[in-house]
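K.L.:
Respectively, the protein sequence lines represent chains L and S. Residues in the first sequence are numbered from 2 upward in steps of one, following this note's numbering. Residues in the second sequence are numbered from 4 upward in steps of one, following this note's numbering.
Calculated directly from the structure, the hints in this document are not laboratory data. Hints are not guaranteed to be accurate.
Negatives, chain L to chain S, calculated, CB over 10 angstroms [what the hints assert, rightly or not]: (1) N9; (2) G38; (3) K55; (4) H65; (5) K76; (6) F89; (7) K109; (8) Q120; (9) E209; (10) R229.
If you want a taste of the chain L side facing chain S, the calculated C-beta under 10 angstroms gives, among others [said to hold, decoys possible]: (11) S80; (12) P83; (13) N91; (14) E96.
Backbone N, C-alpha and C fix where the C-beta goes; we use that ideal spot for every residue, glycine too.
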Amino acid sequence: MLKVNDINVYYGNIHALKGVSLDINQGEIVTLIGANGAGKSTLLKTLSGLLKPKTGEIVFEGEHVAGKVPQLIVKRGISQVPEGRRVFANMSVEENLELGAFLRKDKKGIQEDFEKIYQLFPRLLERKKQLSGTLSGGEQQMLAMGRALMARPRLLLLDEPSMGLAPLLVKTIFQIIEEINKTGTTILLVEQNANMALSIADRAYVIETGKIVASGLAEELSASDQIRKAYLGGH
Amino acid sequence: MEQLIQQLVNGISLGSIYALIALGYTMVYGIVKLINFAHGDVFMVGAFIGFYSITVLHLGFFPALLISMVACAIFGVLIERIAYKPLRNATRIAALITAIGVSLFIEYGTIYIRGAQPEAYPSNIVPLKSLEIFGVKISGQSILILAVSLCLMIILQFIVHKTKIGKAMRAVSHDQDAAKLMGINVNNTISATFAIGSALAGAAGVVFGMYYTKIEPLMGIIPGLKAFVAAVLGGIGIIPGAMAGGLLLGVIEALVSAAGGSLFRDAVAFVVLILILIFRPAGLFGKNVREKV
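Put together the whole structure using the sequences plus the hints.
P.N.:
This is the structure we're talking about:
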């Protein structure tokens, strides 16, 4: 479905991604784990078109999308839930969701998706008219996810959905991610919480200072000594 | 007493002109964090376009108003695309200096093209009767200005809150990258903001001409600065703030004139600016919003 081939991304002079390649197949949950500053968010920003790779290619469903504008990428079916949620705090929950469907014109489909999302996140329905800036962190995470789903993506990029949330809430969010995946949405999950991420993922990539250093089935990686030591706080 | 009410009405008319101009300042600031100092000159251009529409094309008030708004909208977008867009990622001071440059360019460009002589605005174009309520005489012009500004503000509120482009504008002003992730075209949204703000300035130019009956190429400077004060007074970036700030400033000015201080009229606006910057820098409607992380 998505093929990233040897991309190099720079922030000014900083070489943030050094020849990163990865594949995602239809229907999978793939997770990308790594420490702070390893380049996880940079990769997602590049996939969404917020950053342009200097070299390398990104192919989504047979189409080259590297360096294309975010608008086109959303249209093709890749949506992102950014790090730190980034909800539009000055707008209501409902308006945030509406903006998620910004490029869509099928009014009926949008209405259906509103209902689906309120079913998936009943809390959002309760707070429909509330300003999203007044929501709790967990609710904002739900809103950010719902907003991304309103674009009806085929590939959903999630950037640190567990950040700053209480453990119980993290569990709920991960359950919802699995549910979203079951309805046919492919998922790329970026996480620092490697334990949780590996527990729901099919496959995983490990990134360190801009390079992929390990990859494989999620179970295999969680069993590997090296990974346990570095990322799982393993003993 | 009657005198006082009379002055209040004058203040509100004048204030609604300030408000119309202030809206453009505040909307543009909200979305690109730039004080567009050329905005007062768009207002002047709007006044002249209205003037020529009436005198040369022999149009009525409302067609002239419309033409002026459309022309100013296009003019505003051109200014943004040519002068400000290349500086989107430059420092804010560079953009600010550019704005001052654009302002001077428009002022002296206008003088170069048509000369510096003032024109007398044809104020008898709309058959206006003055109204008498409880012994207070309200001029037809005041009513017209109020009606036009009120309509435009209602339309603006509708655009900003109910339409797709309005929602895109609010999204971009809050978080550009997040807006991009929704598939919003940020460049077009910024252009739309300049278009709407400039159209309002154009409308303000035409009603200003009707009210003061004299226009000239440097007429945009003082109302432009005062509208800027009004925008800061209400809280820059906040649309209802600009409306309230404009009206308030107009009323304050009128009352100071009524109290015999008409020589200080222009100074008052800047005293207000200094006071607001000292005591409530976020403006009357502004608050320091903290976001949850």
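K.L.:
Would you mind marking each hint as holding or not holding in the structure?
P.N.:
Hint check:
1. Under the 10 angstroms C-beta cut-off, the non-interface status given to N9(L) relative to chain S holds; the minimum distance is some 21 angstroms.
2. Residue-level check passed: G38(L) sits 18 angstroms from the nearest beta carbon of chain S, beyond 10 angstroms.
3. Non-interface status of K55(L) relative to chain S is upheld: no Cβ of that chain comes within 10 angstroms, the nearest being about 18 angstroms off.
4. The non-interface label for H65(L) is consistent with chain S: the shortest C-beta to C-beta separation is roughly 19 angstroms, beyond 10 angstroms.
5. Distance to chain S contradicts K76(L) as a non-interface residue, since its nearest Cβ pair spans about 6 angstroms, not more than 10 angstroms.
6. Consistency note on F89(L): stated as away from chain S, yet its beta-carbon is not over 10 angstroms from all of that chain's, at 5 angstroms minimum.
7. A cut-off of 10 angstroms between C-beta atoms confirms that K109(L) is not in contact with chain S; the least separation is 17 angstroms.
8. For Q120(L), the shortest C-beta to C-beta distance to chain S comes to about 22 angstroms, beyond the 10 angstroms cut-off, and the non-interface label holds.
9. A cut-off of 10 angstroms between C-beta atoms confirms that E209(L) is not in contact with chain S; the least separation is 25 angstroms.
10. Taking the minimum C-beta to C-beta distance to chain S, about 29 angstroms, the non-interface status of R229(L) holds against the 10 angstroms cut.
11. At a threshold of 10 angstroms, the smallest CB-CB gap from S80(L) to chain S is about 7 angstroms, leaving the interface hint in force.
12. Taken as an interface hint, P83(L) checks out: its beta carbon lies about 6 angstroms from the nearest beta carbon of chain S, inside 10 angstroms.
13. Interface hint at N91(L): satisfied, since its Cβ lies 5 angstroms from the closest Cβ of chain S, which is below the 10 angstroms cut-off.
14. Taken as an interface hint, E96(L) checks out: its beta carbon lies about 6 angstroms from the nearest beta carbon of chain S, inside 10 angstroms.
Going down the numbered hints, you'll see the structure goes against 5, 6, while the others check out.
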